[in-house]
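Model the placement of chain B on the given structure of chain A, informed by the hints.
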Amino acid sequence: MRQGKQYISQNQLVLLLFLSNLFSYLTYYTPKGAKVGFGSSIVGLVLGNLAALGIGMLYFAIRGRLGHNLGEFLLEQNRVVGIVFSWLAAVFLGLAAVHSVCGFTSFIHRQIYTQTNYLVFLLPFLGVALFGLLVGIESLARTGTLIFALTAVSLAIVLLGTLPNIDPPSLYSYSSVNLGDTATAFWGALRGNIDLLVALLLMQHQEKKSSRVFKKYFFLSTGTAVGLSLLVHLALGPYAATRNYPFYALAVFSDLSVLQRLDSFYLVVWVMVSFVRVVLLLTAMASVLQTAVPQRAYKKTAIVFLAVVTAAAIIGCSSQRIYDLIALLFKSGYPSLLLVLLPVCYLLATVKRRRGER
Amino acid sequence: MDRLSTDITKNIVSMRAAMQNSSDFINKPLQLGGFRCELLICEGMVSISTLAELIIEPLREYRDQVYPSAQQLYVELTTADYLAADQKIVLTTDEVMQFMMSGFAVLLIDGCDKGIAMGVQGFNFRSVSEPSGEQNMRGSREGFVEAARINLTLVRRRMKSPTLKFEYLSLGTKSKTDVFLVYLTDKASPAVLKKLRRRLASVKLEAILDSGYITPFLDRHSVSLFSGVGSTERPDTLCGKIMEGRVGIIVDGTPFALVAPYLFSENFQSMDDYTQRPYYASFIRCLKFFAFLISFLLPGSYVAVVTHHPELIHRELLQNIIEAQKNTPFPLMVEALIIHVVFEIMREAGLRLPKAIGHAVSIVGAIVIGDAAVSTGLVGTPMVLIVALTAVSSFVVPNLYEPVIILKFAFILLGGLLGIYGISLGLVVLLLNLCSINTFGIPYTSPISPFGHSVFRDVFFRIGWRQLQNSRSKVQNMPGSSIRTAPKDGREQGR
Numbered sequence: 043m044r045q046g047k048q049y050i051s052q053n054q055l056v057l058l059l060f061l062s063n064l065f066s067y068l069t070y071y072t073p074k075g076a077k078v079g080f081g082s083s084i085v086g087l088v089l090g091n092l093a094a095l096g097i098g099m100l101y102f103a104i105r106g107r108l109g110h111n112l113g114e115f116l117l118e119q120n121r122v123v124g125i126v127f128s129w130l131a132a133v134f135l136g137l138a139a140v141h142s143v144c145g146f147t148s149f150i151h152r153q154i155y156t157q158t159n160y161l162v163f164l165l166p167f168l169g170v171a172l173f174g175l176l177v178g179i180e181s182l183a184r185t186g187t188l189i190f191a192l193t194a195v196s197l198a199i200v201l202l203g204t205l206p207n208i209d210p211p212s213l214y215s216y217s218s219v220n221l222g223d224t225a226t227a228f229w230g231a232l233r234g235n236i237d238l239l240v241a242l243l244l245m246q247h248q249e250k251k252s253s254r255v256f257k258k259y260f261f262l263s264t265g266t267a268v269g270l271s272l273l274v275h276l277a278l279g280p281y282a283a284t285r286n287y288p289f290y291a292l293a294v295f296s297d298l299s300v301l302q303r304l305d306s307f308y309l310v311v312w313v314m315v316s317f318v319r320v321v322l323l324l325t326a327m328a329s330v331l332q333t334a335v336p337q338r339a340y341k342k343t344a345i346v347f348l349a350v351v352t353a354a355a356i357i358g359c360s361s362q363r364i365y366d367l368i369a370l371l372f373k374s375g376y377p378s379l380l381l382v383l384l385p386v387c388y389l390l391a392t393v394k395r396r397r398g399e400r
Numbered sequence: 009m010d011r012l013s014t015d016i017t018k019n020i021v022s023m024r025a026a027m028q029n030s031s032d033f034i035n036k037p038l039q040l041g042g043f044r045c046e047l048l049i050c051e052g053m054v055s056i057s058t059l060a061e062l063i064i065e066p067l068r069e070y071r072d073q074v075y076p077s078a079q080q081l082y083v084e085l086t087t088a089d090y091l092a093a094d095q096k097i098v099l100t101t102d103e104v105m106q107f108m109m110s111g112f113a114v115l116l117i118d119g120c121d122k123g124i125a126m127g128v129q130g131f132n133f134r135s136v137s138e139p140s141g142e143q144n145m146r147g148s149r150e151g152f153v154e155a156a157r158i159n160l161t162l163v164r165r166r167m168k169s170p171t172l173k174f175e176y177l178s179l180g181t182k183s184k185t186d187v188f189l190v191y192l193t194d195k196a197s198p199a200v201l202k203k204l205r206r207r208l209a210s211v212k213l214e215a216i217l218d219s220g221y222i223t224p225f226l227d228r229h230s231v232s233l234f235s236g237v238g239s240t241e242r243p244d245t246l247c248g249k250i251m252e253g254r255v256g257i258i259v260d261g262t263p264f265a266l267v268a269p270y271l272f273s274e275n276f277q278s279m280d281d282y283t284q285r286p287y288y289a290s291f292i293r294c295l296k297f298f299a300f301l302i303s304f305l306l307p308g309s310y311v312a313v314v315t316h317h318p319e320l321i322h323r324e325l326l327q328n329i330i331e332a333q334k335n336t337p338f339p340l341m342v343e344a345l346i347i348h349v350v351f352e353i354m355r356e357a358g359l360r361l362p363k364a365i366g367h368a369v370s371i372v373g374a375i376v377i378g379d380a381a382v383s384t385g386l387v388g389t390p391m392v393l394i395v396a397l398t399a400v401s402s403f404v405v406p407n408l409y410e411p412v413i414i415l416k417f418a419f420i421l422l423g424g425l426l427g428i429y430g431i432s433l434g435l436v437v438l439l440l441n442l443c444s445i446n447t448f449g450i451p452y453t454s455p456i457s458p459f460g461h462s463v464f465r466d467v468f469f470r471i472g473w474r475q476l477q478n479s480r481s482k483v484q485n486m487p488g489s490s491i492r493t494a495p496k497d498g499r500e501q502g503r
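Taken in sequence, the protein lines are chains A and B.
43 is the number of the first residue of the first sequence in this note's numbering; add one for each residue after it.
9 is the number of the first residue of the second sequence in this note's numbering; add one for each residue after it.
So here's chain A without its partners, still in its complex pose (with noise of 0.2 Å):
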């Protein structure tokens, strides 16, 4: 929340990207009684990253290389539409702060610790969260790359334990593509990436600005996704269809030596991509209401936003009903195509428009 600008290189921004979209893939799969095929759901995934990724090149190509965000432009283009798209962003990023906190406590209290009452794990978390929020968007990705390195010693000892398990032949059964299903797969993955949305409004802090975030955002979040996916399903087979948290799953049943269970390492990993996720998503929601309130009122006005989205979160905990609607909102993933998409194209009609005026 610090206002003066901090810088980051454009590795820790990939990374701090790719720690976020992590956090989707551990924390959903395919729900019970989901119809697309593994086949299909891995091609639409592909594809729905690599359309993420035109989005992202097409916005750096019309006005990214200049590092302002995509709020900045709109505000520069015309003022209503800037301000409008800024409040819609910070509104729709303190949900989706809100539904992760409400994700992650509903994990942690539902899977492991489940004696335990939720604000035990919640509030702790939201301290934690609102220090990464204040020491800055330095220093959070400067714990990113730390926090990767350890996830990624996580995940591999995790892969060694599962090892043993895997059953290549497994995989035929899943090579079917269908059409249909790819195309669903496609719009959900392409509606739920919230990243996309960050990274264009977290731009300015780009210490070089280069279209090669987009990029390595797109190989490494999709390789990871991919690789994971192809590890539950070889592993647990179709046992992994009927679990809401596959990877978690996979892990309680893998063994590496004295411990007989690995679901420790994929807590470890757990607490701190939701961690980098939560503080993301609150960075960029300051960042923007730089945009959207005078400077004199910012202050106030992010202390505001944090209150209502720490109320929110406890809220949304204690109540099923409320966080499922959050997760409706969220889920329904039109805010996030509406705050991207659109004002990407209003961009590129209102620059033709002016080269064709000259």
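Rather than coming from a laboratory, the hints here were simulated on the basis of the structure.
There may be inaccurate statements among the hints.
As the list claims (entries may be wrong) - Over the 12 Å line for every Cβ pair with chain A, so calculated as not near, a few chain B residues:
| id | residue |
| --- | --- |
| 1 | Ile34 |
| 2 | Arg285 |
| 3 | Val313 |
| 4 | Glu319 |
| 5 | Leu320 |
| 6 | Met354 |
| 7 | Tyr429 |
| 8 | Gly430 |
| 9 | Gly434 |
| 10 | Phe459 |
Stated by the list, open to error - Where chain A lies over chain B, by a calculated footprint (3+ residues, C-beta under 8 Å):
| id | segment |
| --- | --- |
| 11 | 358-371 |
| 12 | 417-428 |
Stated by the list, open to error - Label pairs and their computed distance ranges (CB to CB):
| id | chain 1 | residue 1 | chain 2 | residue 2 | range |
| --- | --- | --- | --- | --- | --- |
| 13 | A | Pro336 | B | Leu233 | 38 to 46 Å |
| 14 | B | Ala374 | A | Lys342 | 55 to 63 Å |
| 15 | B | Ser490 | A | Pro336 | 27 to 35 Å |
| 16 | B | Thr283 | A | Ala191 | 28 to 36 Å |
| 17 | B | Arg206 | A | Ile345 | 32 to 40 Å |
| 18 | B | Met145 | A | Pro206 | 42 to 50 Å |
| 19 | B | Ile353 | A | Ile345 | 42 to 50 Å |
| 20 | B | Ala215 | A | Lys341 | 36 to 44 Å |
| 21 | A | Pro206 | B | Leu361 | 53 to 61 Å |
Positions of the beta carbon are idealized from the N, C-alpha and C atoms, including for glycine.
Frame of chain A; chain B shown alone:
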């Protein structure tokens, strides 16, 4: 700051008054070149034989001569080549007193408003010996001593470059402690030097009795267990640091020189790393990082796993742990806290006591208390093993001992209350705290994060000297630094 008067009696009276007629203030009247002179010394601070040889004896030549004016006598004395070579001109009474108290003899001439300070220091100091806290297998056996000027010579002897500069400062409104900034003018960053001078100027303490007094003024980051200012007892280590663009701070009265900026990875480096074969040095480096993690994570993780996640442990091992813990009266977290507090008490007692008794305390602690605690069922055997492993590991990286102790207790509490979730959350806070430190514009965790290629050169691994000699790396050019200089010279690549 009263300027010296041409009236020598007035000068002596005012200085005696300022020094409250202190018994170590000695003024010896002399008659030189037809003028009344006074030789001022501080008893115990000068070498009597040097004083006689370099000042009293040469001054005899002037007894019978007559000079037309005091000014001419002053000029003659300052140009005389047989008086003490280390001469300074003093203009105020404060300067006279400061030089006297630093072991100079000050000569005042009646009718002249300037004095001549001549270096004849001869106070007693501990001889140069092996540093107790930074012992090495190979390399020099010399360590810094309490006398700052001896320390300066130890550095100069190793670094005969004309760009090596000792910058003098006086700190402490009462103690007037001599402080020297030591740096290479062609290596150190002007931005770091500027910040250092500014921060040192903000020290308004009455007395600086140790370099530790000024560390908080240099270390201006937010609340953290870690410090961006290091210290060393070894002149060769200090030379190595200033070769990388760092600035040393030598404080009179302490054998520890400060080093700034100081990065996290430097805590794991020692002089031995650079004298041993690269493969062995790299192995030791990795071992140190591993030991650091064990030293604060092991007890907390053990408490977390056994208390909250016993299903993670293999059945037979878990059975043994349960067997060992079943007769102990305390919960595991409390047991861990108690035994670690007892260990810290014994360590502190062993440290402050005379060496012979200190060893006895260690033996009593290790054998009698440890064995008795297990046999009476107060603590379980696995916990004793954990404490022993933790204690040994925490001594592997002595520079980080203080933060490790606090972190160890914090992680025991987190692990006991929240299990692995608490440990993970604690790790996030620790990483965030480490990564938020900037020391003089350089990230404390650089080059680990922001990532730099020197991680593979001199952090986790130490490559051979043939490769190291080609990398002229400077601390200000570390990844993420906001004070980069000389873009082509020693610039780190990547982040």
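Okay, the hints, checked on the actual structure:
1. Every CB of chain A lies more than 12 Å from the CB of Ile34/B, the least distance being 58 Å, so the non-interface label holds.
2. The claim that Arg285/B lies off the interface holds: its Cβ sits roughly 27 Å from the closest Cβ of chain A, which is beyond the 12 Å cut-off.
3. The Cβ of Val313/B does not lie farther than 12 Å from every Cβ of chain A; its closest approach is about 7 Å, which violates its non-interface assignment.
4. Some Cβ of chain A comes within 12 Å of the Cβ of Glu319/B; the nearest lies about 6 Å off, and the non-interface call is violated.
5. Listed as outside the interface, Leu320/B is inconsistent with that label: its C-beta sits roughly 5 Å from the nearest C-beta of chain A, within the 12 Å cut-off.
6. Every C-beta of chain A lies more than 12 Å from that of Met354/B, the closest at about 31 Å, which supports listing it as non-interface.
7. At the 12 Å boundary, the C-beta of Tyr429/B falls inside the reach of chain A, the nearest C-beta of that chain being 6 Å off.
8. The beta carbon of Gly430/B sits about 8 Å from the closest Cβ of chain A, which is not more than 12 Å, so the claim that it is off the interface is violated.
9. A beta-carbon of chain A is positioned within 12 Å of the beta-carbon of Gly434/B; the least distance is around 9 Å.
10. Distance to chain A contradicts Phe459/B as a non-interface residue, since its nearest Cβ pair spans about 6 Å, not more than 12 Å.
11. Interface restraint, the segment 358-371 of chain B with chain A: violated (0 residues with C-beta to C-beta distance below 8 Å; minimum three).
12. Against chain A, the segment 417-428 of chain B contributes 3 residues with a C-beta closer than 8 Å to a partner C-beta. That satisfies the three-residue criterion, and the hint holds.
13. For the pair Pro336/A and Leu233/B, the beta carbons lie near 39 Å from each other, so the given range of 38 to 46 Å is met.
14. For Ala374/B and Lys342/A, the hinted distance range of 55 to 63 Å is satisfied, since their beta carbons lie about 59 Å from each other.
15. Checking the proposed 27 to 35 Å range against Ser490/B and Pro336/A shows it holds: the Cβ atoms sit about 29 Å from each other.
16. For Thr283/B and Ala191/A, the hinted distance range of 28 to 36 Å is satisfied, since their beta carbons lie about 30 Å from each other.
17. As the Cβ distance of Arg206/B to Ile345/A is approximately 33 Å, the hint placing it in 32 to 40 Å holds.
18. In this structure the hint that Met145/B and Pro206/A lie 42 to 50 Å apart at CB holds, the actual value being about 44 Å.
19. Restraint check, Ile353/B to Ile345/A: a C-beta distance of roughly 45 Å satisfies the suggested window 42 to 50 Å.
20. A hinted range of 36 to 44 Å holds for the C-beta pair Ala215/B and Lys341/A, which are about 42 Å apart.
21. For the hinted restraint 53 to 61 Å between Pro206/A and Leu361/B, the CB-CB distance of approximately 55 Å keeps it satisfied.
Violated hints, listed in ascending order, are 3, 4, 5, 7, 8, 9, 10 and 11; each of the other numbered hints is respected by the structure.
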